[in-house]
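Chain B with the ligand: place on chain A using the hints.
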Amino acid sequence: MPSVTKHTTEEIWRFLSEIPDPEIPVISITELGVLRKVDIENSKVIITITPTYSGCPAMKTFEDDIKFKLQENNILDFEIKTIHSPAWTTDWITEEAREKLRKFGIAPPIRGSEDKGVLFHSETKNIECPNCNSNNTNLKSQFGSTACKALYQCEECLEPFDYFKCI
Amino acid sequence: MTKNEALVKYCLRLGDSSLILGQRMAEWCSNGPVLEEDIAMSNIGLDLFGQSRTMLTYAGEIEGKDRTENDFAFKRLEREFFNNLMSERPNGHFGDTVVRNLFLSAHTYHLYKKLSSSSDNTIAAFAAKSLKEVTYHLRHSAEWVVRLGDGTKESHSKTQQSVNDLWEYTADLFAMNEVDELLIKENIAIDLNEIKPLWDNTINEVLERATLTRPEDSFMQKGSLNGMHSEALGHLLTEMQFLPRAYPDAKW
Ligand SMILES: [Zn+2]
Numbered sequence: 001m002p003s004v005t006k007h008t009t010e011e012i013w014r015f016l017s018e019i020p021d022p023e024i025p026v027i028s029i030t031e032l033g034v035l036r037k038v039d040i041e042n043s044k045v046i047i048t049i050t051p052t053y054s055g056c057p058a059m060k061t062f063e064d065d066i067k068f069k070l071q072e073n074n075i076l077d078f079e080i081k082t083i084h085s086p087a088w089t090t091d092w093i094t095e096e097a098r099e100k101l102r103k104f105g106i107a108p109p110i111r112g113s114e115d116k117g118v119l120f121h122s123e124t125k126n127i128e129c130p131n132c133n134s135n136n137t138n139l140k141s142q143f144g145s146t147a148c149k150a151l152y153q154c155e156e157c158l159e160p161f162d163y164f165k166c167i
Numbered sequence: 001m002t003k004n005e006a007l008v009k010y011c012l013r014l015g016d017s018s019l020i021l022g023q024r025m026a027e028w029c030s031n032g033p034v035l036e037e038d039i040a041m042s043n044i045g046l047d048l049f050g051q052s053r054t055m056l057t058y059a060g061e062i063e064g065k066d067r068t069e070n071d072f073a074f075k076r077l078e079r080e081f082f083n084n085l086m087s088e089r090p091n092g093h094f095g096d097t098v099v100r101n102l103f104l105s106a107h108t109y110h111l112y113k114k115l116s117s118s119s120d121n122t123i124a125a126f127a128a129k130s131l132k133e134v135t136y137h138l139r140h141s142a143e144w145v146v147r148l149g150d151g152t153k154e155s156h157s158k159t160q161q162s163v164n165d166l167w168e169y170t171a172d173l174f175a176m177n178e179v180d181e182l183l184i185k186e187n188i189a190i191d192l193n194e195i196k197p198l199w200d201n202t203i204n205e206v207l208e209r210a211t212l213t214r215p216e217d218s219f220m221q222k223g224s225l226n227g228m229h230s231e232a233l234g235h236l237l238t239e240m241q242f243l244p245r246a247y248p249d250a251k252w
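As you go down the protein sequences, you meet chains A and B in turn. Residues in the first sequence are numbered consecutively from 1, following this note's numbering. Residues in the second sequence are numbered consecutively from 1, following this note's numbering.
Everything labelled a hint here was simulated from the structure, so no lab data went into it. Misleading hints may appear alongside valid ones.
[To be verified] When the alpha-carbon atoms are kept at most 16 angstroms apart in a straight line, the in silico EDC-like pairs for lysine to aspartate or glutamate are as follows: (1) 140/A / 38/B; (2) 140/A / 156/A; (3) 81/A / 63/A; (4) 69/A / 95/A; (5) 140/A / 37/B; (6) 100/A / 18/A; (7) 37/A / 10/A; (8) 114/B / 186/B; (9) 140/A / 143/B; (10) 140/A / 36/B.
[Stated by the list, open to error] One-sided and incomplete, this derived list gives chain B residues near chain A with beta-carbon spacing under 8 angstroms: (11) 33; (12) 36; (13) 39; (14) 51; (15) 129.
[Said to hold, decoys possible] Footprint (simulated), chain A over chain B, 3 or more residues, beta carbon under 8 angstroms: (16) 117-127; (17) 131-142.
All values derive from a computational prediction rather than experimental measurement. For each residue, glycine too, the CB sits at the ideal point set by N, CA and C.
Next comes chain A alone, as it looks inside the complex (with noise of 0.2 angstroms):
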């Protein structure tokens, strides 16, 4: 058996930060704003956790690696939620993470932009290229490599990147 050690809702949410965003594996789950909530209740650890988009596969594998980073840390007794309210946004992204972003080659979403133009795209204004930084960028597709980003191409060094759209 082993010895079940106690835990402070810090130390848990501090050996969870070190899991990697499964696509994205240069960001954590807490810079990501994926994990909402460490709670504990009569002993037993309660993980709240939210999608980011409502299909992103990467959830599954989320709940897989606390589950296993709980156990690795011999939590056996936990309970992991998922809460839809309030929805994600793309501004829970912290700053630092958006610097790991675009050091990793994809553009950070534009902070607090709930995009107004709802029939057509506006987005377009400032998407910076991570590669060379120029403004002098273009939307390619809304739909990039996986739900959550967007496909753009710089005009200045020619290279495409991904651009993590605005939810």
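Positioned in the frame of chain A, the structure of chain B with the ligand alone reads:
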């Protein structure tokens, strides 16, 4: 009809419409006209499946008969599906697909906006979350309809034909019955008469930009509220449900 029975039907309507359109999107996978659009269609499908899962799971919880999202998706027959008729229309050519998607995403966009303040917390959360995704779907289809409508002579005439062909399925999007009556009183559902003028405005704006003509209302198909579908749904379900029916309880 009790409130819970109505709520189950309402959730199935929302969940089924997303599921069936999602399956249509999946049919584009590896068949897209260009790589970007192939990926776009698959991503839209993924969003729709995610949305559908929330509603089907919730329907199962309220029903209280231990039916899961998978039971609803894979173990029901045509007449037990409540998706709107538009969502089951076959993909046709790319123009048919984007016009159908425009009609549907304009509908869900305005509906989810209002449903975000539903008195049912699960539906409100579902709507608020889905709205963000549907906004992208609407923009995607609207831009393509404009590009094709206001494109070449051939793309214009083909897209106008798509609009004409699909028009008879638009009225079904706004049909209501005792389910709505009961749930509107509880501030759970939205009166679709409120959605219609908003949908009209959006559609008119896009069609005008696309230099396309809005058809006159003539014969309109209806029936999804009672599980009456076109034969297209049967073909779709045959493919979608094949694996779980041939190999019950298969896991992968
Ligand atoms: Zn560049």
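Less than 8 angstroms between beta-carbons is the criterion; does residue 33/B satisfy it with respect to chain A? Violated - the Cβ of residue 33/B stays beyond 8 angstroms from chain A, reaching only about 12 angstroms at its closest.
Verify the proposed pairing of residue 140/A with residue 38/B, using a straight-line Cα cut of 16 angstroms. Distance ~13 angstroms between residue 140/A and residue 38/B Cα, so the pair holds.
Quickly compare the C-alpha distance for residue 114/B and residue 186/B to 16 angstroms and report which way the hint goes. 14 angstroms, holds
Next pair to validate is residue 140/A with residue 143/B; report whether the Cα-Cα distance is within 16 angstroms. 13 angstroms, holds
Please check whether residue 36/B passes as an interface residue: C-beta within 8 angstroms of a C-beta belonging to chain A. 4 angstroms, holds
Given a cut of 8 angstroms on the nearest C-beta pair, is the interface hint for residue 39/B held or broken against chain A? 6 angstroms, holds
For the region 131-142 of chain B, does the count of residues with a C-beta closer than 8 angstroms to a C-beta of chain A reach 3? With 8 residues closer than 8 angstroms to chain A, the region 131-142 of chain B meets the three-residue bar; holds.
Given the hint that residue 69/A pairs with residue 95/A, does the C-alpha gap stay at or below 16 angstroms? 25 angstroms, violated
Going straight from one Cα to the other, do residue 140/A and residue 36/B come out at no more than 16 angstroms? 8 angstroms, holds
Hint validation: residue 51/B versus chain A, beta carbon distance must be below 8 angstroms. Holds or violated? Holds - the Cβ of residue 51/B comes within 8 angstroms of chain A, reaching about 5 angstroms at its closest.
Proposed proximity, residue 156/A with residue 140/A (alpha carbon, max 16 angstroms): 15 angstroms, holds
Starting from residue 81/A, check that the Cα of residue 63/A is at most 16 angstroms away, please. Within the cut-off at roughly 9 angstroms; holds.
In summary, the numbered hints that this structure violates are 4, 11.
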